[in-house]
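Whenever a hint applies, use it, and build me the whole structure from the sequences.
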Amino acid sequence: MMRSTGVFTLCPRVFGVCAALTVLLTVSSRANAQGALSAQGFGYPPGGLSARSLGTAGATGEFDYLSSRNPAAASEMGTSVLSVQGAPEWRTVSLGESSERSLLQRTSLVAAGLRIKRVGLLFSGTTLLDRSFVSESPGTAIIDGAVVPTTDGLEARGAMTEMRVSAGWTWKRVGVGVAAVAVTGEHNVVRARSFPDTLRFGNVLDSSRLGFQGIGAAVGVTWRPVNDLSVAASYRLGGPLDALRGGTTLSSANVPGRLGLGVLYQGGGTALALSVEQVSWSAMNGLGTEASLAQDVTNWSVGVEFPSGTLRRFPILWRAGYAQRGLPFLLGDASVSERGINGGVGVPLAGDFATLDLAVQRSQRSLSTGDSRENAWGLTAALTIRP
Amino acid sequence: MPERSSLFDWPGFRSVVDAVRVRRFALLACVAGAAAMASACTEDFEGGGACPALCPQVQAPFLDTVLGAVAFDTTVGPFPLLGLSPTTMLASRGDTIETYLVVRFDSIRSTFLPNDGTTTQPISTIDSSVLRLTIDTIASRTPTPFVLELFDVDSTLSDTSAAVMRSLFRPDRKIGELSVASELGATFLDIPVPNAYLASRIVAGQRVRLGVRIASGANIDLRVQAFTAGSGNPRLRFDPATDTIYRPLEILPNTRVPGGESDDFLLLANTVYALTVRGSPPVPPNTIAVGGWPGRRVWLRFEIPRIITDSSTVVRAELLLTQRPSFGADRGDSIGVQPYLGVSSNAVTDLYLAAALSANARLAGVDSVRFVPQDSGQRVFNIVNVVRNWSALDPNITRAIVLRSNGEGVSSSELYFFDLSAPADLRPRLRVTYLPRSEFALP
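Protein chains in written order, with my numbering: chain A, 1 to 387; chain B, 1001 to 1443.
If you are wondering where the hints come from, they were derived from the structure by calculation, not from laboratory data. Remember, predicted model here, so these are calculated numbers, not experimental data. Cβ atoms here follow ideal geometry from the backbone N, Cα and C, with glycine treated the same way. Please note that a few of the clues may not be correct.
Label-pair distances were calculated between CB atoms; the ranges are [as the list claims (entries may be wrong)]: (1) Asp1425/B to Thr289/A: 38 to 48 Å; (2) Ser1438/B to Asp228/A: 50 to 60 Å; (3) Leu1063/B to Thr289/A: 13 to 23 Å; (4) Ser1376/B to Thr289/A: 44 to 54 Å; (5) Ser1438/B to Thr198/A: 16 to 26 Å; (6) Leu1063/B to Thr151/A: 14 to 24 Å; (7) Thr151/A to Glu1303/B: 27 to 37 Å; (8) Ser1376/B to Leu205/A: 33 to 43 Å.
If the Cβ cut is set under 10 Å, some of the chain A residues that face chain B in the computed set are [as the list claims (entries may be wrong)]: (9) Leu82; (10) Val119; (11) Phe123; (12) Ala141; (13) Ile143; (14) Gly145; (15) Arg191; (16) Arg200; (17) Val204; (18) Arg209; (19) Arg245; (20) Ser251; (21) Leu287; (22) Phe329.
If you want a taste of the chain B side facing chain A, the calculated C-beta under 10 Å gives, among others [stated by the list, open to error]: (23) Asp1064; (24) Arg1278; (25) Val1314; (26) Ala1317; (27) Asp1367; (28) Ser1368; (29) Arg1437; (30) Leu1442.
Structure, rendered in structure tokens:
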């Protein structure tokens, strides 16, 4: 029986694919983008979703123990789990008649969990805000009253990561969970300005590194009032969040709070889900400069997951979803919204032992003023092993 | 798995899905995912047109300022010491500059090998003796015909005294001369040396020290090669016998300095050198001087606020000097000034030594600038690469710049600049454009 052989004795072909993906997913992230709607402020919030939830555009996130949303979902975990997830994104930014393409890659989720009696414990790290971009543009400088052309560059590589320790347990039809939240990470930013007249002027090349640390807590509940219907709610309480350089606190704000609600209908192996959340990104105001203003957003998504076909007698799960949400950081006075159509598949590489989840996201982001838009294709691949 | 009804379980959909060989499709999906992830690791960047409209940060403005950053200035010299220059100047410029040339042959061979044989013979009679000087015909100035006079300047008197040496250029010591046309026909000049004089010295084993000067009345400036690695050195050339079938012998300059036998620089400085009879006038008040004869250098010590050197990025740094006219020789010909970097520590208080230890700033990308001595006005030296590197320099190294003439040792052209004692707007200053370091990582 495959169940008793363990992951390291899988058939060579499947194991080879798993190994290749594992290597690919665990390489350090590289990013390359430029001025983009989604790169404002402290960056883009991937949402803390697993590839499985991303397949439904986040609609099942409140019920997914790998996603950093509802700690009560940890009670649904089996004996143990290990998951790593990578997510490249191809992005095209349009501004007027010009457009730019870029590519960035994130390792957006790493999680490990185990069950101790009736309590599921999950340690996870997800990207709260990804700030990775490279921008290069023509500029000018005023030197001695004269306008001098320059080439201005700014490169940021970094992210804030939400680390969670979640504990969830189930009592009859009710699951409850709590999580301790820590926000950490750093931003490495390089600023460059160069002059065409290299004999007269020296170039500017400065670098700066910021660190972040913050804490918070989350609680969640799931309830199954009837057999095919579940509802869930979660709340993240944001604690203090500091921006640091060396040992010095440069600025302080709070980890954004979050309130999420979800409904899941499961019938005949098919799951229909609806999720709504409100994220208080404005709690981060004050952490950055005045130009980095965050707004509270309300996001919602609907999605479906259904089985179709089998691999070694285990069902292949197909997913689709639609989401609409707001991005946290304003561009000037204008807000940025995002619509996404997602699809995905969950492939049981080795029955219940190993699963490959793939999700494809097609996102359209637009500025409230209509001046600019951004289209992105995202591919999320996650390898989950349940030893 | 128990069979349960599905919203997507209608017959048409099932028939399509069942037509696919699901197992192979799943593996294909894995491979496709791997390929997509691999391709994601290649970088792709185009354009920049969305900036600055969408770029998250606004660049901070540069700051301009003119600083009285020169804390100390002075003129130091003479440079080079005696003959420590590959080329030297033999000049007669009327009332301005006059120099003589001294060439020492303290050791002369007394034997030769006839017809390249193996048996040496003593030199007893010689023929066709000349002192050959190699001339830089392009840099030399010979507007009129002139006469080179040759003197025997060997003496038992103190040969380190310039006054004593000058006194040896007198008529009773003159041993030859050469008339030269205004257009130099060759790169070398052969000044005849009396055969009997040279032969007697060789036979007696005595040293030969020759002095050359330009006869009075001419306005001539010759650039003479003093020492090179090749064949340009001054030399004594003669036939070691009256029989002309023998190949001429050549004796290269050499000297002995009592107590300095192991000091190569001292020996080199005294082998071939220019003796100053009339040099550049003293530096006027409120003035620093570059060039002239003997050569002068300007030593400038800087004190720049640390907020600029340590906490800013300097993008422009220009040394501003106000030139005042100099009316020496060649006042209308431009001359290059090359900034050098002070590399000595603060413990070196001898500014002549500190200036001698300076390093060419061309290594840091600082080029020379040409000026005309008789001109005046504000002059600019771009020293941005120097100032930018000062922040990384050991704090014990003096932040100094030495201005040196490109014609040092071979030209008497001189540039004057106002010094720190001049009125404020004429003093040496530093114009700096910088970008203070700020916290730009915070968006």
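Here's how the hints hold up against the structure:
1. Asp1425/B to Thr289/A: 38 to 48 Å: Holds, since Asp1425/B and Thr289/A (Cβ atoms, about 40 Å apart) stay within the stated range.
2. Ser1438/B to Asp228/A: 50 to 60 Å: holds, 58 Å
3. Leu1063/B to Thr289/A: 13 to 23 Å: Cβ of Leu1063/B to Cβ of Thr289/A: about 20 Å, so the range 13 to 23 Å holds.
4. Ser1376/B to Thr289/A: 44 to 54 Å: holds, 50 Å
5. Ser1438/B to Thr198/A: 16 to 26 Å: Since the Cβ atoms of Ser1438/B and Thr198/A sit about 24 Å apart, the hinted range of 16 to 26 Å holds.
6. Leu1063/B to Thr151/A: 14 to 24 Å: At 20 Å between Cβs, range holds.
7. Thr151/A to Glu1303/B: 27 to 37 Å: Given range 27 to 37 Å: holds, Cβ gap about 33 Å.
8. Ser1376/B to Leu205/A: 33 to 43 Å: holds, 39 Å
9. Leu82: It is violated, given that the least Cβ distance between Leu82/A and chain B is near 18 Å, above 10 Å.
10. Val119: Interface hint status for Val119/A: violated (28 Å vs cutoff 10 Å).
11. Phe123: Violated, because the Cβ-Cβ distance from Phe123/A to chain B comes to roughly 24 Å (cut-off 10 Å).
12. Ala141: holds, 5 Å
13. Ile143: holds, 5 Å
14. Gly145: holds, 8 Å
15. Arg191: holds, 5 Å
16. Arg200: Cβ of Arg200/A sits 6 Å from chain B, so the hint holds.
17. Val204: With Cβ-Cβ at 5 Å, under 10 Å, it holds.
18. Arg209: holds, 7 Å
19. Arg245: Result: holds, 7 Å to nearest chain B Cβ.
20. Ser251: holds, 7 Å
21. Leu287: holds, 8 Å
22. Phe329: holds, 8 Å
23. Asp1064: holds, 5 Å
24. Arg1278: Result: violated, 40 Å to nearest chain A Cβ.
25. Val1314: holds, 6 Å
26. Ala1317: Since chain A brings a Cβ to about 8 Å from Ala1317/B, closer than 10 Å, the hint holds.
27. Asp1367: Because about 8 Å separates Asp1367/B from the closest Cβ in chain A, which is inside the 10 Å limit, the hint holds.
28. Ser1368: violated, 13 Å
29. Arg1437: holds, 6 Å
30. Leu1442: holds, 5 Å
Consistency note: the structure conflicts with the earlier hints numbered 9, 10, 11, 24 and 28.
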